[in-house]
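*Asks:* The residues making up each chain are set out below.
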Amino acid sequence: MSTIVFSIILISFIFAPLGCIALWKRYIYFGDALAHASLLAGTISLSLGLPMVYCGTILAIVFAILVFNFKTFDNNAIISLIAGIMVAIALIISYLHPSRINIDQLLFGDIITVMFSDLIALAALLAAVAGFLMLFYKPIILMTLNRDIAIISGIKVATLELAYLVLLSVSVFAAIKMVGTLLVTTVLLVPAMSARALATNPLNMIIMAIVIALISNLLGLSLSFYLDIPVAAMIIMVGAFTYCLTILWQRYKKSTS
Amino acid sequence: MTSIVELLNVSKSFNQKLLLDKVSFDIQKGSLTTLIGPNGAGKTTIAKLILGLEKPSTGNIKVSPGLKISYVPQELEFNTNIPLTVEKFVTLLASKEMKNADWQRLNAFSEFNSLKHQDIYRLSGGQLQKLLLATTLLQKPNLLILDEPTKSLDVNSQQEFYRLIKDIQHESGVTIFMISHDLFTVMKNSDKVICLNRHVCCSGQPNDLSNNQDFINTLSEIGFYAHNHDHTH
Chain A
1 MSTIVFSIIL ISFIFAPLGC IALWKRYIYF GDALAHASLL AGTISLSLGL
51 PMVYCGTILA IVFAILVFNF KTFDNNAIIS LIAGIMVAIA LIISYLHPSR
101 INIDQLLFGD IITVMFSDLI ALAALLAAVA GFLMLFYKPI ILMTLNRDIA
151 IISGIKVATL ELAYLVLLSV SVFAAIKMVG TLLVTTVLLV PAMSARALAT
201 NPLNMIIMAI VIALISNLLG LSLSFYLDIP VAAMIIMVGA FTYCLTILWQ
251 RYKKSTS
Chain B
258 MTSIVELLNV SKSFNQKLLL DKVSFDIQKG SLTTLIGPNG AGKTTIAKLI
308 LGLEKPSTGN IKVSPGLKIS YVPQELEFNT NIPLTVEKFV TLLASKEMKN
358 ADWQRLNAFS EFNSLKHQDI YRLSGGQLQK LLLATTLLQK PNLLILDEPT
408 KSLDVNSQQE FYRLIKDIQH ESGVTIFMIS HDLFTVMKNS DKVICLNRHV
458 CCSGQPNDLS NNQDFINTLS EIGFYAHNHD HTH
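For the record, the sequence lines run as chains A and B.
For the first sequence, position 159 matches number 159 in our numbering, and the numbering has no gaps at all.
For the second sequence, position 119 matches number 376 in our numbering, and the numbering has no gaps at all.
Just to be clear, a hint being listed does not mean it is correct.
Stretch-level coverage of chain A by chain B, calculated; a stretch enters the list once three of its residues show a Cβ under 8 Å from a Cβ in chain B [what the hints assert, rightly or not]:
{"#": "1", "stretch": "18-29"}
{"#": "2", "stretch": "138-148"}
{"#": "3", "stretch": "194-200"}
These are calculated hints, taken from the structure and not from any lab test.
Yeah, the Cβ is synthetic: ideal placement off N, Cα and C, and Gly gets one too.
Construct the complete structure from the given sequences, taking the supplied hints into account.
*Replies:* Dropping the structure here:
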């Protein structure tokens, strides 16, 4: 049980800031396509008996680099195509190894299967995300506001964007085992969306997103055990409820100011 | 005066379409050079080439080593998903720490004190442009590139803007390269005007150009430019 709780805490810390940047940079579509593409990592790891996180890491980097290199074309179309190819390969592999691969487990996740090795991978990922934010906080915000001004200010925007995409991809793949490919993007974005309704500056939004993610993810986990409902679904329901509350709070604040 | 930027036969094509054809001119240190021309003439492309955001297809661009360049784009498109107050925006944009005098100056030009706690998205186009301009000017770059800086400003603000530019130019000797459609103020304030329509049609001091046919065409038909190509350069 403690492994599951720690994994949820780590995912909250990793996803909340990455979700904020995904909102700022409008990478929502990327996250969604990435989640679909992660089916491939799942099927490869199950068919070869390899840990999901390592398969996912390699595929995440391949996905991020492919998308990054084709970004001069219609970005969404290219992302969709690459994700589609990955899903197609995943379905072919699952068709060839029906006894080894449980597609349902990949689509919806299964938090019970989390192991200590997953915690180590998540902890390493958290260190990478924290380092990325601490080193590049101001460049990230400036890059989000205006790419040209950021480049002129001496920020290596392309490198920073690629680093973020790789981090996001690896994080999404690392969480698939627990929350599933269908719901991972929502788990990524809901805390950031709630924090946006309350925050007044970017740093404030990241901190709020972490707090909201911790509360709603742990509450979702507790309710899922108590009510015997899949964890990811419960986390999203609690997250959506929190989001509604923050929107109501925002409207109340506007009406009184 | 010495050149701090020099373009030599610079051409730029994109998707086999020629955007700029053998453009040559220089920007003198401490001057205010204005680039005018109709829409699609390649003005913003020139700015991006000087800034290093684009590479020329052929030709050379020489920029003095160690030149600190700042840029104010035509408009900033904000993603409202990022929460940002006016004060945070200015702090973020300022490449160095702002002194008290800088804040006062910013306030005088852009009513900063009354806006600083507001969400940046709530500012009008004019308010945002003024804020962006003032913040960039106060960073005292060696070269400031402005892409249609007075587009969203009313007449009074335009006058204030040129006053601020002149003040800061006088104090710090900043060189300004500006793309503008605002012809009255271009004539009044520029040291050099360059007329562009994919190639340089004419260039010189505003008074010297007043009888130049290309210049007159540009002034009268800007935006609906009918440039005659039966001449040689």
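*Asks:* Of the numbered hints stated previously, which ones are contradicted by the structure, given in increasing order?
*Replies:* Violated: none.
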